[in-house]
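Peer 1: Chain by chain, the residues run as shown.
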Amino acid sequence: MTAELHEELTDPNADQLDHGAASSRPLKSRISEPQPRGAKVHGNRPIDQSEAANRFIAATEHEAMHDARLWDLRQKRDKEMHGIEEWEELRDLASGIKEHTLSKLDYYLELFEKNATANGIKVHWAKDGAEHNAIVLDILRKKGVERLIKSKSMLTEECGFRHFMAENNVEVIETDLGERIQQLDDEAPSHVVVPAVHKLRTDVAGVFAKTIGSDPDNADAHYLTECQREATRPLILSAQAGMTGGNFVVAETGTFVVCTNEGNADLSANTPSLHIASIGIEKLIPGLDDLAVFVRLLSRSALGSPITQYTSHFRGPREGGEMHVVLVDNGRSERLGMEKFWRGLKCIRCGACMNTCPVFRRSGGLSYGATYAGPIGLIIDPTFNVHKYRNLPYSSTLNGSCTNVCPVKINIHEQIADWRKTLAGEGEISPVKKVMMKAAGEVLASPVVYRASLPLGRSALRHLPHFMLYNKLNTWGRKRDIPETPKQTFNEWYRKNRKQQAEGGKS
Amino acid sequence: MKVGLFVPCYVDMFHPETGIATLELLERFGLSVEYPVDQTCCGQPMTNTGCEREAAKTEELFVRNFEKYDYIVTPSGSCTNQVRHNMTAIEESDAVKHVRSRTYELVEFLHDVLKVDAFPWAEFPHRVALHNNCNTLRNLRIASMTERREEPFSKPKALLKMVKGIEFADLTRPDECCGFGGTFSVFEEGVSAKMGQDKVTDQLKSGAEYVTSSDSSCMMHQEGCARRMGANLKYIHIAQILNGARA
Numbered sequence: 001m002t003a004e005l006h007e008e009l010t011d012p013n014a015d016q017l018d019h020g021a022a023s024s025r026p027l028k029s030r031i032s033e034p035q036p037r038g039a040k041v042h043g044n045r046p047i048d049q050s051e052a053a054n055r056f057i058a059a060t061e062h063e064a065m066h067d068a069r070l071w072d073l074r075q076k077r078d079k080e081m082h083g084i085e086e087w088e089e090l091r092d093l094a095s096g097i098k099e100h101t102l103s104k105l106d107y108y109l110e111l112f113e114k115n116a117t118a119n120g121i122k123v124h125w126a127k128d129g130a131e132h133n134a135i136v137l138d139i140l141r142k143k144g145v146e147r148l149i150k151s152k153s154m155l156t157e158e159c160g161f162r163h164f165m166a167e168n169n170v171e172v173i174e175t176d177l178g179e180r181i182q183q184l185d186d187e188a189p190s191h192v193v194v195p196a197v198h199k200l201r202t203d204v205a206g207v208f209a210k211t212i213g214s215d216p217d218n219a220d221a222h223y224l225t226e227c228q229r230e231a232t233r234p235l236i237l238s239a240q241a242g243m244t245g246g247n248f249v250v251a252e253t254g255t256f257v258v259c260t261n262e263g264n265a266d267l268s269a270n271t272p273s274l275h276i277a278s279i280g281i282e283k284l285i286p287g288l289d290d291l292a293v294f295v296r297l298l299s300r301s302a303l304g305s306p307i308t309q310y311t312s313h314f315r316g317p318r319e320g321g322e323m324h325v326v327l328v329d330n331g332r333s334e335r336l337g338m339e340k341f342w343r344g345l346k347c348i349r350c351g352a353c354m355n356t357c358p359v360f361r362r363s364g365g366l367s368y369g370a371t372y373a374g375p376i377g378l379i380i381d382p383t384f385n386v387h388k389y390r391n392l393p394y395s396s397t398l399n400g401s402c403t404n405v406c407p408v409k410i411n412i413h414e415q416i417a418d419w420r421k422t423l424a425g426e427g428e429i430s431p432v433k434k435v436m437m438k439a440a441g442e443v444l445a446s447p448v449v450y451r452a453s454l455p456l457g458r459s460a461l462r463h464l465p466h467f468m469l470y471n472k473l474n475t476w477g478r479k480r481d482i483p484e485t486p487k488q489t490f491n492e493w494y495r496k497n498r499k500q501q502a503e504g505g506k507s
Numbered sequence: 001m002k003v004g005l006f007v008p009c010y011v012d013m014f015h016p017e018t019g020i021a022t023l024e025l026l027e028r029f030g031l032s033v034e035y036p037v038d039q040t041c042c043g044q045p046m047t048n049t050g051c052e053r054e055a056a057k058t059e060e061l062f063v064r065n066f067e068k069y070d071y072i073v074t075p076s077g078s079c080t081n082q083v084r085h086n087m088t089a090i091e092e093s094d095a096v097k098h099v100r101s102r103t104y105e106l107v108e109f110l111h112d113v114l115k116v117d118a119f120p121w122a123e124f125p126h127r128v129a130l131h132n133n134c135n136t137l138r139n140l141r142i143a144s145m146t147e148r149r150e151e152p153f154s155k156p157k158a159l160l161k162m163v164k165g166i167e168f169a170d171l172t173r174p175d176e177c178c179g180f181g182g183t184f185s186v187f188e189e190g191v192s193a194k195m196g197q198d199k200v201t202d203q204l205k206s207g208a209e210y211v212t213s214s215d216s217s218c219m220m221h222q223e224g225c226a227r228r229m230g231a232n233l234k235y236i237h238i239a240q241i242l243n244g245a246r247a
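As they're listed, the protein sequences go chains S and E. Okay, so the first sequence: first residue is 1 according to UniProt numbering, each after it adds one. Okay, so the second sequence: first residue is 1 according to UniProt numbering, each after it adds one.
Quick caveat, the hints were computed from the structure, so don't treat them as lab data. Small disclaimer: the values here were computed from a predicted structure and weren't measured. We put the beta carbon where it would ideally sit given N, CA and C, even for glycine. One should not assume that every hint holds.
[To be verified] List of simulated lysine-lysine pairs, DSS-like, C-alpha gap at most 27 Å:
hint, chain 1, residue 1, chain 2, residue 2
1, S, K79, E, K234
2, S, K479, E, K68
3, E, K164, S, K479
4, S, K499, E, K234
5, E, K164, E, K234
[What the hints assert, rightly or not] If we take Cβ atoms under 10 Å as the criterion, some of the chain S residues that face chain E in the derived model are:
hint, residue
6, S95
7, Y107
8, H222
9, T225
10, C227
11, K421
12, P431
13, T475
14, G477
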């Protein structure tokens, strides 16, 4: 089966669609493979990413679309990179600015608070998700808000914000189309930039048919978008409060910047007179000159477009209105103190590491069962819960592509390897891995035992050394042929053919 | 110059011809090459799984086997990366430092140390797709990578270009990982196999007859996928081509 794709994506001679065209041009609907769901979550039990990934791969239409769509973003990113001669210098600069700011975070946070307060912004501090939710609820209650419109924010996902608000009878309307799709489907975003990228248009038609009454058989993107627009606009216009995240917080000016492509952050921020921005404390940068570096990198890395459609600077409340910024820690201070892992805080949430990750493209973001998926997720998620996310750092081949696309030069693949060491050191490793590696370590430490364990002259399954087999199942051979075993090992050949040297080479 | 030959465990077991070609190739350049017969492994399976402590004794053995050589050469970039960058389970003695800094992957040894400019004995009149192992590509920097804005270069290609009659087949995703990933290939079997199948499909589309690489491990995985798919592709280590293998 082939994926449902624009012809331009599969025909190497055709002009590639730009991002806007690719996301808006209708495709003929002809399949309706059910959407594979994400990882199974059982309380605090370790997430089994590979189980969910296998189900995603089995949904061949979804997997092929997902891989091709994200690889297309990666290629567009490469094209933009080649258009900027000083690309690698920009990455160095961006990394340096972030490391500098993080190393003086307390200073810049206080500077921002002082300047933002002078601008008329009310600044709040939240140590975790619960405190954040309580602060926001308090602001809303004081104003009697029943309906809140919001733009996309990974931080509010960390805080479980939507569910908390639902329990407290505040209606939350997501204004980013992808995020709205996910909200209506009661699913988390699968990607930090394109939250519904794991869904086919037919999946979206199904969700909209159930929730807003569109035609279930019409999967035309224009039709679906228009239906959502008609359904959501009245809710947006009557909302009493708007919420955004923040991509960058500028300490020297006491302002913050939100980047979107749909203009939905502006809608959320400007329609009601009350604007609340929830922002992680790592989003600080010193000044506007620094901002320029990140604005050049962000959208090129994320979507392969030169700049986001909207880069909005928020400087203070409008006349008669209120503007609140909630600065949230939620584990960030603790992470800042982790010698091997603090650099993950440089992340600007562009998603380039996800787009380039061959495991992510074939697994879907929901397979990680955590707020952050893909390479950046592997190094952030365990800081929230080492036990639950202890398997995630193994969902990587350590190929290093992520590290090299990262616009702020986070050493992602090295941190993934470091997490494996850290987790194993803390006993947070699956017993199967532990037992196998202990055995492998014993065998490989002794030439005599090692030589005796070699599988020469036997058949099939026994041909693989211990560390390549998994339990008693032949995991290697399920979809791959087992290599043939030659008549003799190199070692045996050498002893026969280079007798003299073999004596000299004994240790 | 005294050279110690390290033959990785899976090469020893499954691809002795790669070890033989590496040895013969180095001998062609007049080097005194020795293969310490008590060698086993570089410790990578344990280290990559996070079990550093379990790798310590294997690392000690590696150093004991190779400390007496000026250079240690191996037909595997992945193992070289382990020794050079990740062999940290044992104390950093002078012997350990010596071994770690003197271990070279075969292609970089030929290209950077010996600075070879001809393989007069080599002829390979076939269409060949080159696969770079990810450790070899991004950690040893054996070639430029598409993720970065840098001048294109490729040490394996520079060497292969000296082989008479060789023709290159271009892949659409030349830098994409094939999904081997060491223990990843068994712990995350489903994704690993899918990545391997996609790699083989790309190789088939390129019109390649042969795939070559300076790492047997990736090719063992790719070949396993190719055979199961019924794909008509042959896999050969770069050492064999450079040593004058004739198909």
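Peer 1: Which numbered conditions among the earlier hints are violated in the structure presented, ordered from lowest to highest?
Peer 2: 1, 2, 3, 4, 6, 7, 8, 9, 10 and 12
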